[in-house]
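With chain D's structure known, arrange chains E and V on it following the hints.
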Amino acid sequence: MLRYAFRRVLSALPIAFIAVTVCFFILRLAPGGPFDTGRPLPPNVLANVRAYYNLDQPLFTQYLLYIGGVLRGNLGPSMAFYDFNVSQLLAIGLPFTLTLGFSAFVIATFVGVLAGMVSAVYQNKWPDYVLVLAVMIGLVVPNFLMGALLQLWFGVYLRWLPAGGWVTGSITHLVLPVTVLAWPHAARISRLMRGSMIEVLGTNYVRTAKSKGLGSRLVLARHAIKPAMIPVVSYLGPGLSYLLTGSIVVEQIFGLPGIGRYFISAALNRDYGLVLGTTLFYMLLILVLNLIVDLVYAWLDPKVRYS
Amino acid sequence: MAGLTRKDEVLSAYAEKLATLDAPKGRSLTQDALRRLIANKAALVSLILFGLIVAVAFIGPYFVPWGFAQVDWTAFRSPPNFETSHYLGTDQNGRDVLARLLQGTQMSLLVALVATLVSVFIGVIYGAIAGYFGGKVDAVMMRIVDVMYALPYILFVIILMVIFGRNPLLLFAAIGLVEWLTMARIVRGQTLALKEKEFVEAARASGAKPFTIIIRHIVPNLSGPVVIYATLTIPEIIITESFLSFIGMGIQEPMTSLGTLISNGAPVAEVMPWLLVFPAVVLVTMLLCLSYIGDGLRDALDPKDR
Amino acid sequence: MENVLEISDLNVSFALHNSEVHAVRDLNFSLRAGETLAVVGESGSGKSQSFLSIMGLLARNGRATGSAKMGDVELVGMPPRQLDKYRGKDIAMIFQDPMTSLNPSLKIKRQLSEVLVKHQNYDEKKALKEAIEMLERVGIPSPERRANAYPHELSGGMRQRVMIAMALLCRPKILIADEPTTALDVTVQAQMLDLFRSLTKDFGTALVMITHNLGVVAGVADRMMVMYGGRAVETGHVDDLFYDPRHPYTLGLLSSTPNPAERAKRLTPIEGLPPSLEHLPKGCAFNPRCKFRFEKCFEERPPLEPFGEAERKKACFYEGQLLAEERSA
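Chains as they are written, first to last, in the UniProt record's numbering: chain D, 1 to 307; chain E, 1 to 306; chain V, 1 to 329.
Hint data in this document are derived by calculation from the structure and do not stem from the laboratory.
Glycine included, each C-beta is placed from N, C-alpha and C at the ideal position.
Don't take every hint at face value.
BS3-like cross-link-like pairs, simulated, lysine-lysine; straight-line CA separation at most 25 Å [stated by the list, open to error]:
hint : chain 1 : residue 1 : chain 2 : residue 2
1    : V       : 129       : V       : 201
2    : V       : 107       : D       : 226
3    : V       : 107       : V       : 118
4    : V       : 201       : V       : 89
5    : E       : 41        : D       : 125
6    : D       : 226       : V       : 118
7    : V       : 85        : V       : 118
8    : V       : 89        : V       : 118
9    : V       : 282       : V       : 296
10   : V       : 85        : V       : 107
11   : V       : 282       : V       : 69
12   : V       : 89        : V       : 69
13   : D       : 226       : V       : 282
14   : V       : 109       : V       : 85
15   : D       : 226       : V       : 109
A few chain D positions that, by computed beta-carbon distances, are all more than 12 Å from chain V [as the list claims (entries may be wrong)]:
hint : residue
16   : 9
17   : 94
18   : 174
19   : 201
20   : 203
21   : 206
22   : 214
23   : 225
24   : 229
25   : 270
26   : 284
27   : 292
Taking beta-carbon pairs under 8 Å as the criterion, some of the chain E residues facing chain D (in silico) [said to hold, decoys possible]:
hint : residue
28   : 178
29   : 239
30   : 243
One chain only, chain D, in its complex shape (with noise of 0.2 Å):
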């Protein structure tokens, strides 16, 4: 098992390495830079900020510059935030991107396949329509729609809830968009859930188990939701990178200041420094947790280990 992980991790980091560089080269390629916009700079002016930001060198030694920075955890300066490095910056919003995006992945996860499990079991019947209901509004609603749609709602008209902003500990600003940001994600699951499990459902060797007078509670929890979950599972990586695409999405409605914020306005106003560093932070934060996927993967299929 731990040989297992250590494979894994060895073959994520080459694709750090490799997108960070490509990140790196299509943006110094690309005409237009961070100085570009407002009013024109002085070009001494000019000259100096850019000998300050390394612009001045050939792209190549800019470039080793960078990974070399970023190897003794330097991510460089922020173009845009004179006074911040990205690394502050980042450390800044990750709070909010964490809390948000690690409490509606929790959530959403088991959710989904709680509401899978029970659309599973009662297969046709009341509760399986109302959940299938459900998941087809996450499904085809868009989250920024959701979100604008929750808001107005429970926010606004309500007035059960804060429509958007933070307040350090209050779990009210977190409702609205961690179910928007969850919703999707657990709608996802819940239809993969639902259809492995009626297949396990139909197999044989749970038609055993109940052979055996386990009560089909035991049954359900220990034969049937083990084998169930490997689908899910394995969409777990993929449903990462939608979860992080959502969170850029509902940190813009409801305005918290996470990591998705200052990406959407560093990729605005070409803050070359942010940008990478904010994409490097998102690859890792999806490599890591491909890795514990990819673990609990082994783990529920005892097959995968042993090839």
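Chains E and V alone, transformed into the frame defined by chain D:
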């Protein structure tokens, strides 16, 4: 954004089926699937409704008395009103919501269509080359695809948007540029099977160049997967486009898209609900239809499921 | 000897979209303590479904009526929660395909010990010890090691031994084996039958062996019941049925089974196809394929009735010793 239609799942099931059959039978397998799709009531209704929306979006503007950028100085913020022939009301700038809605729907569909074509084009060429040459070329090319799969592609769309400016045409291209991965995988698998066929052998023996063989003999046999891929990709791109427009990186004024309309309608929905409701209904209906069509395709391709 | 299972008027049907298919009709038989009963028939004859219904394992659309009494306990119509007190403990079942009948994601030991934890209230440790003993008993070499394995690490024969061990853990009164050897190699089949014979004898378990293979029947069974089109068509002692079959279908099964003693004889398949349960012929269900049919067979369905001595029953209007008649013909 992706994952609405479980594209990968459907297509890999389909590719598996094709691989177990003789490749030229791919067409009849597709026909068979289409027949089953039409027998599926939900999918058929969705297909018709979707077709209707497309038709209205493109023909409708000729029957609407207002242009999408035309300002009616007598009617700002007007709720739906039949007397002034603003059937769905007007926005803050006195522009007719119906005209804008039709234009926005058109735009969303166009973006989806062009982006899908771009991704099909890249995917087919890339996959066919990898599959046809095989060996190391194949290994390296597919490894690149694997790597790109692991990346948060929406970040790249945003980076591309920033770099290339906010021209709608470039928006199409940018989305297409990152959507081709699945297509490349499927096409590669198909090509691997096809290149062992007699007609390809014959072409090779008669001295045809590899690219001629790919274009003349391999690509025409890929129609089945392409149709299915396109059906499943369009809704994903519609969502992606509206998402980009929503965060302000998509279609720019005075042009509009469903995402832009929703994005503009959402903040004022409390006082002018019609600005949010109508585009939202159209968007959700289209996605719902496409989702049922996708489901129908999946069932048609894999009847054992349910 | 006392009966451990008493089946009367058992019917099993499945609801389809807009029709109902009767898989088993009016089944009556009893199982005596410690005996081995072979239930023989083609696929679709209802032999598996009748016993799945007793175990409460019918598919979602299935429904069983009638009665199946295990001692004083009525199994048909019992809610699953109550049924769980008996299945796995007093009545156990082994399935056809050992490759898919064990849970791929659980270790062997877990799948065995849980039975004892549930029914005997053993703690995990004691259950494990007993499970390993049972694995040894069914002829699994180095049972401690195998107990720690996952099913995919074992061969088909091993897995079927595990299934047998699992079914016998609580020393059930009744063991139902549904085609337990069909999926296995011929060499392994013989070992498996020996195992069944010795274990059921040691534990005093009554065995129901569902099979389509008369070779299996000859090796292990005391009595047999032949089923066709959802009904029992002939019952009696194995020897009687083998040497003097009285239903043409039994005769057909015998003539289509290889017999080492008559190597020179050609095998004769039963002509025609097994009937569709939705469209059973009028009269005797076997009439389209029967060599001995006459007018009455098309008008009336022959009831299963006792004849002669030695507790034999048949559902056929034709009177005569079929085997002898066929040989002389």
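So, going through the hints one by one against the coordinates:
Only pairs whose Cα atoms come within 25 Å are accepted, and residue 129/V paired with residue 201/V is accepted, the gap being roughly 23 Å. Taking the CA atoms of residue 107/V and residue 226/D, the gap is near 13 Å; set against the 25 Å cutoff, the hint holds. Straight-line distance between C-alpha atoms of residue 107/V and residue 118/V comes to about 17 Å, which keeps the hinted pair within the 25 Å bound. The straight-line distance between the Cα atoms of residue 201/V and residue 89/V is roughly 18 Å, inside the 25 Å bound, and the hint therefore holds.
With a C-alpha separation of about 21 Å, the suggested pairing of residue 41/E with residue 125/D holds against the 25 Å cut-off. Of the supplied pair hints, the one linking residue 226/D and residue 118/V holds, its CA atoms being roughly 20 Å apart against a limit of 25 Å. About 9 Å separates the Cα atoms of residue 85/V and residue 118/V, which keeps this hinted pair within 25 Å; it holds. Between residue 89/V and residue 118/V the CA atoms are separated by roughly 9 Å; this keeps the pair inside 25 Å, and the hint holds.
Straight-line distance between C-alpha atoms of residue 282/V and residue 296/V comes to about 11 Å, which keeps the hinted pair within the 25 Å bound. For the hint linking residue 85/V to residue 107/V, the alpha-carbon distance of about 24 Å falls within 25 Å, and the restraint holds. This hinted pair does not check out: residue 282/V and residue 69/V have alpha carbons roughly 32 Å apart, beyond 25 Å. A hinted pair counts as satisfied when its Cα atoms are at most 25 Å apart, and residue 89/V with residue 69/V qualifies at roughly 16 Å.
A threshold of 25 Å between alpha carbons decides the hint, and for residue 226/D with residue 282/V the separation of about 49 Å lies outside it, so the pair is violated. Taken as a hint, the residue 109/V and residue 85/V pair is honoured in the structure, with Cα atoms around 21 Å apart against an allowance of 25 Å. For the hint pairing residue 226/D with residue 109/V, the CA-to-CA distance comes to about 17 Å; that is within 25 Å, so the pair holds. For residue 9/D, the shortest C-beta to C-beta distance to chain V comes to about 25 Å, beyond the 12 Å cut-off, and the non-interface label holds.
No beta-carbon of chain V comes within 12 Å of the beta-carbon of residue 94/D; the shortest separation is about 36 Å. Listed as outside the interface, residue 174/D is consistent with that label: its C-beta sits roughly 35 Å from the nearest C-beta of chain V, beyond the 12 Å cut-off. Taking the minimum C-beta to C-beta distance to chain V, about 9 Å, the non-interface status of residue 201/D is violated against the 12 Å cut. The non-interface label for residue 203/D is inconsistent with chain V: the shortest C-beta to C-beta separation is roughly 7 Å, within 12 Å.
Look at residue 206/D: its CB is around 8 Å from the nearest CB on chain V, not clear of 12 Å, so calling it non-interface is violated. The Cβ of residue 214/D does not lie farther than 12 Å from every Cβ of chain V; its closest approach is about 6 Å, which violates its non-interface assignment. The beta carbon of residue 225/D sits about 9 Å from the closest Cβ of chain V, which is not more than 12 Å, so the claim that it is off the interface is violated. Distance check on residue 229/D: its Cβ comes as close as 9 Å (rounded) to a Cβ of chain V, failing to clear the 12 Å threshold; non-interface status is violated.
A cut-off of 12 Å between C-beta atoms confirms that residue 270/D is not in contact with chain V; the least separation is 51 Å. Once the 12 Å rule is applied to beta carbons, residue 284/D is consistent with being away from chain V; the minimum gap is 31 Å. Every beta carbon of chain V lies more than 12 Å from that of residue 292/D, the smallest distance being close to 19 Å; the non-interface claim holds. Taken as an interface hint, residue 178/E does not check out: its beta carbon lies about 12 Å from the nearest beta carbon of chain D, beyond 8 Å.
A cut of 8 Å between beta carbons decides the hint on residue 239/E: the least distance to chain D is about 5 Å, and the hint holds. Interface restraint check for residue 243/E: the shortest CB-CB distance to chain D comes to about 6 Å, inside 8 Å, so the restraint holds.
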